[in-house]
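2 protein chains.
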Amino acid sequence: MFEAIELGQSLSKADFKTQEQHLRAELLKVQRDLAESRVATLIIVAGVEGAGKGEVVDRLNKWFDNRGMETHAFWDETQEELERPQHWRFWRHLPARGSIAVMFGGWYWDPIHRHAAGSIDDAELDEAMQRTRELERMLTADGMLIIKLWFHLSHPTHEKRMKKRRAVARHVPHVSNGQSPKEYKAFLVAAERSLRHTDTGKCPWYMIEADNRRFRDISAGQVISRRMNERHRGHRTEDPGSEEHNPVVTISGHQKTILDKVDLEAALSHDDYNKLLSRYQAQVNELSWRAYDAKCSTVMVFEGWDAAGKGGAIRRLTNAIDARLFRAISVAAPTDEELAHHYLWRFWRRFPRAGYMALYDRSWYGRVLVERVEGLAQKHEWMAAYKEINDFEEQLIEHGSILLKFWLHISPDVQLQRFREREKTPWKKHKITEEDWRNRGKWDDYRRAVNDMVAHTSTGNCPWTLVSANDKYNARIEVLRTVRDQLKQALD
Amino acid sequence: MFEAIELGQSLSKADFKTQEQHLRAELLKVQRDLAESRVATLIIVAGVEGAGKGEVVDRLNKWFDNRGMETHAFWDETQEELERPQHWRFWRHLPARGSIAVMFGGWYWDPIHRHAAGSIDDAELDEAMQRTRELERMLTADGMLIIKLWFHLSHPTHEKRMKKRRAVARHVPHVSNGQSPKEYKAFLVAAERSLRHTDTGKCPWYMIEADNRRFRDISAGQVISRRMNERHRGHRTEDPGSEEHNPVVTISGHQKTILDKVDLEAALSHDDYNKLLSRYQAQVNELSWRAYDAKCSTVMVFEGWDAAGKGGAIRRLTNAIDARLFRAISVAAPTDEELAHHYLWRFWRRFPRAGYMALYDRSWYGRVLVERVEGLAQKHEWMAAYKEINDFEEQLIEHGSILLKFWLHISPDVQLQRFREREKTPWKKHKITEEDWRNRGKWDDYRRAVNDMVAHTSTGNCPWTLVSANDKYNARIEVLRTVRDQLKQALD
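Chains B and L, in that order, give the protein sequences.
FYI, the numbering for the first sequence is 1035 to 1526, going by our numbering.
FYI, the numbering for the second sequence is 1035 to 1526, going by our numbering.
Simulated from the structure, these hints should not be mistaken for lab results.
Zero decoy hints are in this set.
Repeated chains share a single entry, so a pair holds when one copy, or any two copies, can fit it.
In silico EDC-like cross-links for lysine to aspartate or glutamate, where the CA-CA straight-line distance does not exceed 20 Å: (1) Lys1236 with Glu1415; (2) Lys1329 with Glu1114; (3) Lys1236 with Glu1168; (4) Lys1329 with Glu1111; (5) Lys1413 with Glu1168; (6) Lys1413 with Asp1176; (7) Lys1329 with Glu1117; (8) Lys1329 with Glu1115; (9) Lys1063 with Glu1104.
Based on the provided sequences and hints, a complete structural model is requested.
Encoded structure:
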């Protein structure tokens, strides 16, 4: 989830100046508008330690008119608060109609930290998040606008900031030591789970890359301004999931996605390829028998651009596995019987038995890729699918299965070259159709769909592997290596 | 929750015959209609042991056309099923578009039984129910009609049937011993929690009194027929809570409610009253100090008909308690500040500190009583309020507070008599207004609202006490005795 925000976005000083000026005027105006129409606005500022939540809030206090705006931090509970149910402290600070409240962490801080510290388990965290969903649903139904911002730092930047903090902490008594890398990791696990359960159509999360301070503040301001303006113009998303929503905040004009992070230069010589191929295939073969003995099932999903080499990669993998142990499932148009059921039914029914493997050439992700881009699923349908898919995969994982997900990434040039080759080669000609050319025309739409897919469904338990596939050798080896590593890790 | 269904409803043989004939024709017709419009119907048959779920399903198989209908029981998991995630067994048996599936227990059976047996805790049960909600939401969004029936037996009938079963079990090897009273109780706790979490606008529960077999089967058939016909006519409730829904199934024409169970003849002599009054007041006084020492807060809610004697009962109670320990809060029209917040805000803010007491003369239940009947809240608002109130109260209980809820019940005659008295008595005249007379005109609407309120919000942790208040002495003593018993139980 969080890897989708680590894009290295930044903003120059000059750009910041221009944007800030514009933004301030906008924020002041919309604050007055919503005060007049008596809409309560709640801004929740959350994120990893060191991301500068305090600086963001200071900025908001500078940008907004302080009259009609309050900021609340929830550090240690007061005696007054301890004597009441947990949510009492939040209720007493909820904004009245027409005013704005900024809450540090809000109702997220405590459960996330307690889960990260190991004092509550998954079920208890989920329960807290369920309560949170209900609370937010209730407040939103009552007319409140809730804007939830999550500030993320990449691991290196986080470590750098924590080091700085530790240096300060040695001299200044009130500064804590900051999260260690281990704590940071546990924190992200809890955070991801919490965000996933509370990212609803009415109260979506906005994830902001906080490595660059100027980008961070302008992004935050822009999201707030946009949501408040939408609300002022009367948009009130009533149906969860009805609003198209990209959780990763980018500044208008900047269109980086997670796919830009894939190093498409990666390549392997023929010799290296052959050497690695036979080594990994032997290892995967052995591991597949170990999985069989351990009665552990494996599900692998292959998605990617047309002509990215999914078929070839799958073949190199299945060559390594005893034919009795796997089924390769090519997902084409659904049968009549499948059409008579929910779209996930066809995948549930094919679920492998304990110890066996299923390899999907295209999968349930069609819902948020081709069905989204081609308009075969309605917006609220594919929006809802992220959660449906996460729930589905969570059930696989809970049952003890291994799930691997690959996106084979190539550049448009390489695709064009491969399309042309296919047209020229007699035995490959059938592989290229009108449709492939049409899909190619929608490259940018797919790029965006892939980015949203990774942002929503790359979870700690079921991460996506983005494979650099301009070089086919490299793609196949990357897939085999990942399969080997993941199987090994799961079985050890 | 379940007490609201224990109304002793039954059906004569002759009535059954007539109703059955009509029902069969209707069910067959609507089955064909939905087959044509390709709507999948899933009927979940659940409830306590001995309620006759098998008999109901046999009846449905007789009533419907067996082609296009399947019945599934989920006893022990097969090896095939054990090798897949838990929900796999349900997915494989989901009805295709145009057909009907009946599931015994469905996805409810396992979590409820495991919670009742103590092998999963509250958080884990809630998580399972959260998953269930999502599953049902997803299937409903895909066009499925899900009808959930819960068959309940009162404790005496349950015990009688279990005894019979135990007698049979001695001779027949395949018959189990049946639930003991203790198991029955644990089962109801788990069931109530599960039903409460999964009673949504799209997939509401229908609770059917199963003591009388004829009533049980006709009720079930009528609910199914009604829901299928609504669906055929194109009603597709999209917004949770948008449909007016009475969870307690009654047969059209029969209008019994839980209020009919209150024995309005109960009365006390002046002497008995005085004796009990001073005894209970002394005990409550002592207990209120114990609660203070234990830092345990108490919240009491008084609702009831106009002129039912709430004020008098509250006064007899507060007379017993040191004035420093309690606050009596009379809930009148909200202030400006309160209007600027969610309707629950005014109650959150008044929440007593640890060890103190708050007595509410009218309360948050106004949302589902006066606001519902007078149309001050929209249907989806008061429908959603049941869950909101349950969540709110659950937080009080979790925090360790004691919550007591009283409904003071009188007959319409007694109310009339008291209204007249008030009009004649100079110092009581101010207590009777135009509004009281207007409310009186809506007696039946209020009766229904009270019934739904009890059905939805009388939970194991926060039950309603229905007080027989035709006799004021009796009402006051019943309130005092309940307060004493509940405080004692909580503090011991």
